[in-house]
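2 protein chains.
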Amino acid sequence: METQTGILTVVSGFSGSGKGTLMKRLLEKYPDNYALSISATTRDPRPGEVDGREYFFRTAEEFKQMIAEDELLEYACYVNNYYGTPKAYVQEQLRCGKDVILEIEMQGALKIKEKYPDTVLMFVTPPSFEELERRLVGRGTETAEVVRERLCRAGEECAGVEAYDYLIINDELETCVEQVHSILLNEHTRILRNETFINKMKTELAKYAKGEQS
Amino acid sequence: METQTGILTVVSGFSGSGKGTLMKRLLEKYPDNYALSISATTRDPRPGEVDGREYFFRTAEEFKQMIAEDELLEYACYVNNYYGTPKAYVQEQLRCGKDVILEIEMQGALKIKEKYPDTVLMFVTPPSFEELERRLVGRGTETAEVVRERLCRAGEECAGVEAYDYLIINDELETCVEQVHSILLNEHTRILRNETFINKMKTELAKYAKGEQS
Chain V
6 METQTGILTV VSGFSGSGKG TLMKRLLEKY PDNYALSISA TTRDPRPGEV DGREYFFRTA
66 EEFKQMIAED ELLEYACYVN NYYGTPKAYV QEQLRCGKDV ILEIEMQGAL KIKEKYPDTV
126 LMFVTPPSFE ELERRLVGRG TETAEVVRER LCRAGEECAG VEAYDYLIIN DELETCVEQV
186 HSILLNEHTR ILRNETFINK MKTELAKYAK GEQS
Chain P
6 METQTGILTV VSGFSGSGKG TLMKRLLEKY PDNYALSISA TTRDPRPGEV DGREYFFRTA
66 EEFKQMIAED ELLEYACYVN NYYGTPKAYV QEQLRCGKDV ILEIEMQGAL KIKEKYPDTV
126 LMFVTPPSFE ELERRLVGRG TETAEVVRER LCRAGEECAG VEAYDYLIIN DELETCVEQV
186 HSILLNEHTR ILRNETFINK MKTELAKYAK GEQS
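Chains as they are written, first to last, in my numbering: chain V, 6 to 219; chain P, 6 to 219.
Read the hints as simulated data drawn from the structure, not as lab findings. Among the clues, some could well be false.
One copy or two, either will do: identical chains are not told apart, so a pair holds if it fits within one copy or between any two.
In silico BS3-like links for lysine-lysine, alpha-carbon gap of 25 angstroms or less [to be verified]:
no.: 1; residue 1: K69; residue 2: K205
no.: 2; residue 1: K116; residue 2: K207
no.: 3; residue 1: K69; residue 2: K92
no.: 4; residue 1: K205; residue 2: K215
no.: 5; residue 1: K118; residue 2: K92
no.: 6; residue 1: K207; residue 2: K118
no.: 7; residue 1: K103; residue 2: K118
no.: 8; residue 1: K120; residue 2: K69
Could you put together the complete structure from these sequences and hints?
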């Protein structure tokens, strides 16, 4: 990603952290700033899911082809299904100057950070353990068993959180959207993302100093 | 600085970048968020300068005593005078939760970053070389010789800018003040500054998982 002008951003978080809603709202509010990456998967579509919207649904053979041709930023296997991030769309959006958001699990997030160290990693969490529990139960769509599983899983997920850059405490949706937006705007002012400006300034100052000496 | 809750922040920048005015305005606008560190120096006070406001004016002997007793975060010698940052005030303000801003030169900034890697380094610049030149000339208080010297010096200063975290392009004062404020607010959401929250969440999730197993 040589000509990257947008920022590659990974958002992970506890199930029940509200990260899905958060990202949806961010993109609704600032469609010119952000693009959401769509994952490819070999799992079957669930009712209501549309190919190219929720996921790119691919056969295992097609998926393996994508791996072989290095068309994925990262991929992983969960419960006998492949999940991965197609590279082409991400690179195209970054080139257009959009910050591309990947909503992926920690395992994939850490792979991306290793390959592209400039990636910004955000971890979304409810404001407390009690609130996390309440939200998982509150959904009402999950059995007690699933809630328990997710809480236990959340414990495991916490283990890698130190590798992330920002902790996003999702208390009130709109406040949280503005915070994520503000973080990404500020990330654009990082020294490492302003090489062009700095090099131009350096060149002109060097030219001036040389002129002064002669 | 074990109990650091505020963020140690170093602001450097070209002479003519307007960093002095920028910091003054930031503190005026957000006095509860920020504290400005006052340097100690062995140089003579200029007309209008007050001990404990612009600088702590100290004799060379007093200054060496401060060095010997490890009372300085960093110090350096310019044109036969010592300049340094007294540690006590900075630590006290950080403990109160204030972000402490040090307006110091690159040499000192890099020493601080080495000693305290969590320090946020900002480099302030006018929006272009032409604007830098214009501002230095425009002050009218400096001779052409001084303007030339500063522009040549600016060239040297640019050399270390890659070690900084943020590039602050100072075009319009109020916009720039808000940007610095926003950067520092966001820095508080960094994972490394939220250990307490993360550890609490981890502990509760571990307690839950243990309860589930038994």
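Now the hints, each set against the structure:
Proximity of K69 to K205 under the C-alpha cut-off of 25 angstroms is found in neither arrangement, the shortest distances being 44 angstroms within a copy and 41 angstroms between copies. In this assembly of identical chains, the alpha carbons of K116 and K207 lie at most 25 angstroms apart only when taken from different copies (23 angstroms versus 35 angstroms within one copy). In this assembly of identical chains, K69 and K92 lie within 25 angstroms of each other by CA distance solely inside one copy; the values are 15 angstroms within and 59 angstroms between copies. In this assembly of identical chains, the alpha carbons of K205 and K215 lie at most 25 angstroms apart only when taken from the same copy (15 angstroms versus 58 angstroms across copies).
For the homomeric pair K118 and K92, the shortest alpha-carbon distance inside one copy (15 angstroms) is at most 25 angstroms, but the shortest distance between copies (36 angstroms) is not. For a Cα distance limit of 25 angstroms, the shortest separation of K207 from K118 across copies, 23 angstroms, qualifies, whereas the shortest one inside one copy, 30 angstroms, does not. Taking the closest pair of Cα atoms, K103 and K118 come within 25 angstroms of each other only inside a single copy of the chain (18 angstroms); across copies the shortest separation is 32 angstroms, beyond that limit. Taking the closest pair of Cα atoms, K120 and K69 come within 25 angstroms of each other only inside a single copy of the chain (20 angstroms); across copies the shortest separation is 48 angstroms, beyond that limit.
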